[in-house]
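**Student:** So the sequence lines, in the order shown, correspond to chains A and B.
Be aware that the first sequence starts at 1, since it is given in UniProt numbering, and climbs by one per residue.
Be aware that the second sequence starts at 1, since it is given in UniProt numbering, and climbs by one per residue.
To be clear, the hints were calculated from the coordinates, so they are not data collected in a lab.
Where hints are given, some of them may not hold.
Just so you know, same-sequence chains aren't split out, so a pair can sit in one copy or run between any two.
[Unchecked claim] DSBU-like cross-link-like pairs, simulated, lysine-lysine; straight-line CA separation at most 35 Å: (1) Lys271 - Lys153; (2) Lys111 - Lys153; (3) Lys273 - Lys69; (4) Lys273 - Lys185; (5) Lys111 - Lys56; (6) Lys273 - Lys56; (7) Lys28 - Lys273; (8) Lys271 - Lys185; (9) Lys271 - Lys24; (10) Lys28 - Lys69; (11) Lys153 - Lys104; (12) Lys153 - Lys25; (13) Lys25 - Lys69; (14) Lys271 - Lys56; (15) Lys273 - Lys105; (16) Lys153 - Lys56; (17) Lys69 - Lys111; (18) Lys153 - Lys28; (19) Lys52 - Lys24; (20) Lys24 - Lys153; (21) Lys52 - Lys105; (22) Lys52 - Lys273; (23) Lys52 - Lys25; (24) Lys28 - Lys191; (25) Lys52 - Lys271; (26) Lys52 - Lys28; (27) Lys185 - Lys104; (28) Lys52 - Lys153; (29) Lys105 - Lys25.
2 protein chains.
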Amino acid sequence: MLYIVGLGLGDERDITLRGLEAVKKCGKVYIESYTSLLSFGLSSDGLSTLEKLYGKSITLADREMVEEKADEILSEARRSDVAFLVVGDPFGATTHTDLVVRAKKIGVNVKVIHNASVMNAVGVCGLQLYRYGETVSLPFFTETWRPDSFYEKIQRNRGLGLHTLCLLDIRVKEPTLESLCRGRKQYEPPKYMTINTAIEQLLEVEQMRGESAYSECTQCVGFARVGSEDQMIVAGTMRQLQTINFGTPLHCLVIVGQTHPVEEEMLDFYKLKGESMQQIENVTV
Amino acid sequence: MLYIVGLGLGDERDITLRGLEAVKKCGKVYIESYTSLLSFGLSSDGLSTLEKLYGKSITLADREMVEEKADEILSEARRSDVAFLVVGDPFGATTHTDLVVRAKKIGVNVKVIHNASVMNAVGVCGLQLYRYGETVSLPFFTETWRPDSFYEKIQRNRGLGLHTLCLLDIRVKEPTLESLCRGRKQYEPPKYMTINTAIEQLLEVEQMRGESAYSECTQCVGFARVGSEDQMIVAGTMRQLQTINFGTPLHCLVIVGQTHPVEEEMLDFYKLKGESMQQIENVTV
Numbered sequence: 001m002l003y004i005v006g007l008g009l010g011d012e013r014d015i016t017l018r019g020l021e022a023v024k025k026c027g028k029v030y031i032e033s034y035t036s037l038l039s040f041g042l043s044s045d046g047l048s049t050l051e052k053l054y055g056k057s058i059t060l061a062d063r064e065m066v067e068e069k070a071d072e073i074l075s076e077a078r079r080s081d082v083a084f085l086v087v088g089d090p091f092g093a094t095t096h097t098d099l100v101v102r103a104k105k106i107g108v109n110v111k112v113i114h115n116a117s118v119m120n121a122v123g124v125c126g127l128q129l130y131r132y133g134e135t136v137s138l139p140f141f142t143e144t145w146r147p148d149s150f151y152e153k154i155q156r157n158r159g160l161g162l163h164t165l166c167l168l169d170i171r172v173k174e175p176t177l178e179s180l181c182r183g184r185k186q187y188e189p190p191k192y193m194t195i196n197t198a199i200e201q202l203l204e205v206e207q208m209r210g211e212s213a214y215s216e217c218t219q220c221v222g223f224a225r226v227g228s229e230d231q232m233i234v235a236g237t238m239r240q241l242q243t244i245n246f247g248t249p250l251h252c253l254v255i256v257g258q259t260h261p262v263e264e265e266m267l268d269f270y271k272l273k274g275e276s277m278q279q280i281e282n283v284t285v
Numbered sequence: 001m002l003y004i005v006g007l008g009l010g011d012e013r014d015i016t017l018r019g020l021e022a023v024k025k026c027g028k029v030y031i032e033s034y035t036s037l038l039s040f041g042l043s044s045d046g047l048s049t050l051e052k053l054y055g056k057s058i059t060l061a062d063r064e065m066v067e068e069k070a071d072e073i074l075s076e077a078r079r080s081d082v083a084f085l086v087v088g089d090p091f092g093a094t095t096h097t098d099l100v101v102r103a104k105k106i107g108v109n110v111k112v113i114h115n116a117s118v119m120n121a122v123g124v125c126g127l128q129l130y131r132y133g134e135t136v137s138l139p140f141f142t143e144t145w146r147p148d149s150f151y152e153k154i155q156r157n158r159g160l161g162l163h164t165l166c167l168l169d170i171r172v173k174e175p176t177l178e179s180l181c182r183g184r185k186q187y188e189p190p191k192y193m194t195i196n197t198a199i200e201q202l203l204e205v206e207q208m209r210g211e212s213a214y215s216e217c218t219q220c221v222g223f224a225r226v227g228s229e230d231q232m233i234v235a236g237t238m239r240q241l242q243t244i245n246f247g248t249p250l251h252c253l254v255i256v257g258q259t260h261p262v263e264e265e266m267l268d269f270y271k272l273k274g275e276s277m278q279q280i281e282n283v284t285v
């Protein structure tokens, strides 16, 4: 049996009882390292905390390994119970459909243990989840690669009065240019898009396209480390949020559509007020 | 402190370690009864299972009670730790924004403990969550009340190639007509919309509107008891799904938009095949 276990968003205590039970009976435990180390302590400490809780060792499985060694993982799962741990929900923002498809094709049973994902946890700001349009992903711009297909989607959502969840780019284990040339694997340090960079890129695209899909006065909500003890949620205009230091990753951004009164009331709690607001106005004007 | 704790989708084992820890230290524990008893065993057995796990008694708080007694709940939360348990994620398909707003207004601290919600758990069928448009709710039609505002939304999503999650009506504690006339409170038995009824209503509206937003040949995915041990997921046309008995609630339905190859591959596992398909074709032709 292959168990795909969602770990939730905060730390090791966000696994469910059902998830923990499954992990404890597995002979082999993998964890996707894509975002996991980050969420659970930014270092190998996070991993050892998990290992202590589960009472067994965990193998880090980055994207490359999952692609290259899927057969190995699956043949283990054919013989015994294997857990594959995923931050958030297994089918949340990142998906593991490919591994599941391969498992099912060779007759390995798959059991999914769900958990919270950023896609529903953003509901905490009070914007109703059924009032969201299509989710967009914002990739890091480079000198030569500045894809902006998210622009039409945001425009469409806003035209319909819907909110837009923007998932921000994560770059982990990107080969360096040098290593690509020399054929030896060396990796760039991990890179996570901040809300500030996201807004900068959004405004750059708006300036280029000029179709007023949004502006620096558009209401947004910035989320950092949502679901963790030290999560930070701030509502404000793009201009306001751009001046805020949201701290360590992960960040995401919601562009607010039309709001109902009850949504407004909740958002108010997250708005910058009084002094902090004035400070920001001073900085940005 | 008011803890709003998501219980997840399956049974008592779907609470997170963080959630269980919070509940255990609370002096008073409420559970929203809106969908809870249903998900956790359909009877008061479910409640006693939870009480045993938590080691304390739980007060059922239906919608009426939350509205009428919010002040009482909140003044308890001001003095000590109170848990309010919610099936799924606290801000998933049903929301508890109002209670949170009232708490924050009188200065009661609120801590939200997230969990899986139907809105991300449907990802298990392989349709990518970022390819969904606006979510719709299908209400029970009555003789005189047949609201169909969902039609435009589905039409719009499909026009953009997006999938649509349809949440199906739940009627709990609806006063009987007789009780309304006599001023004494008596309630209808609880009522949960099945996938079959949902499709029947959808096709009725399509026939009336005639704008081909969808048809009985449109691909859908039916979900029953998603996240539970006995969940049932079937992909097929509206006509095919209409003939299937999905069993006990809760049900929901996804109307499929344009699919990518990897989405198709996953969906294939949930499609009716061979004999079962033929049986259905025989029934429906």
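**Student:** So, for every hint listed, does it hold in this structure?
**Tutor:** Results of checking the hints against the structure:
no., hint, verdict
1, Lys271 - Lys153, "both (26 Å within a copy, 31 Å between copies)"
2, Lys111 - Lys153, "both (34 Å within a copy, 33 Å between copies)"
3, Lys273 - Lys69, "between (52 Å within a copy, 31 Å between copies)"
4, Lys273 - Lys185, "neither (49 Å within a copy, 45 Å between copies)"
5, Lys111 - Lys56, "both (20 Å within a copy, 31 Å between copies)"
6, Lys273 - Lys56, "neither (48 Å within a copy, 40 Å between copies)"
7, Lys28 - Lys273, "between (50 Å within a copy, 34 Å between copies)"
8, Lys271 - Lys185, "neither (45 Å within a copy, 42 Å between copies)"
9, Lys271 - Lys24, "between (43 Å within a copy, 33 Å between copies)"
10, Lys28 - Lys69, "within (14 Å within a copy, 49 Å between copies)"
11, Lys153 - Lys104, "both (34 Å within a copy, 34 Å between copies)"
12, Lys153 - Lys25, "neither (44 Å within a copy, 45 Å between copies)"
13, Lys25 - Lys69, "within (22 Å within a copy, 44 Å between copies)"
14, Lys271 - Lys56, "neither (44 Å within a copy, 38 Å between copies)"
15, Lys273 - Lys105, "between (55 Å within a copy, 15 Å between copies)"
16, Lys153 - Lys56, "neither (44 Å within a copy, 48 Å between copies)"
17, Lys69 - Lys111, "within (20 Å within a copy, 41 Å between copies)"
18, Lys153 - Lys28, "neither (41 Å within a copy, 45 Å between copies)"
19, Lys52 - Lys24, "both (11 Å within a copy, 22 Å between copies)"
20, Lys24 - Lys153, "neither (43 Å within a copy, 44 Å between copies)"
21, Lys52 - Lys105, "within (34 Å within a copy, 41 Å between copies)"
22, Lys52 - Lys273, "neither (43 Å within a copy, 45 Å between copies)"
23, Lys52 - Lys25, "both (15 Å within a copy, 24 Å between copies)"
24, Lys28 - Lys191, "within (29 Å within a copy, 44 Å between copies)"
25, Lys52 - Lys271, "neither (40 Å within a copy, 41 Å between copies)"
26, Lys52 - Lys28, "both (15 Å within a copy, 32 Å between copies)"
27, Lys185 - Lys104, "within (32 Å within a copy, 52 Å between copies)"
28, Lys52 - Lys153, "neither (44 Å within a copy, 48 Å between copies)"
29, Lys105 - Lys25, "within (24 Å within a copy, 46 Å between copies)"
Violated hints, listed in ascending order, are 4, 6, 8, 12, 14, 16, 18, 20, 22, 25 and 28; each of the other numbered hints is respected by the structure.
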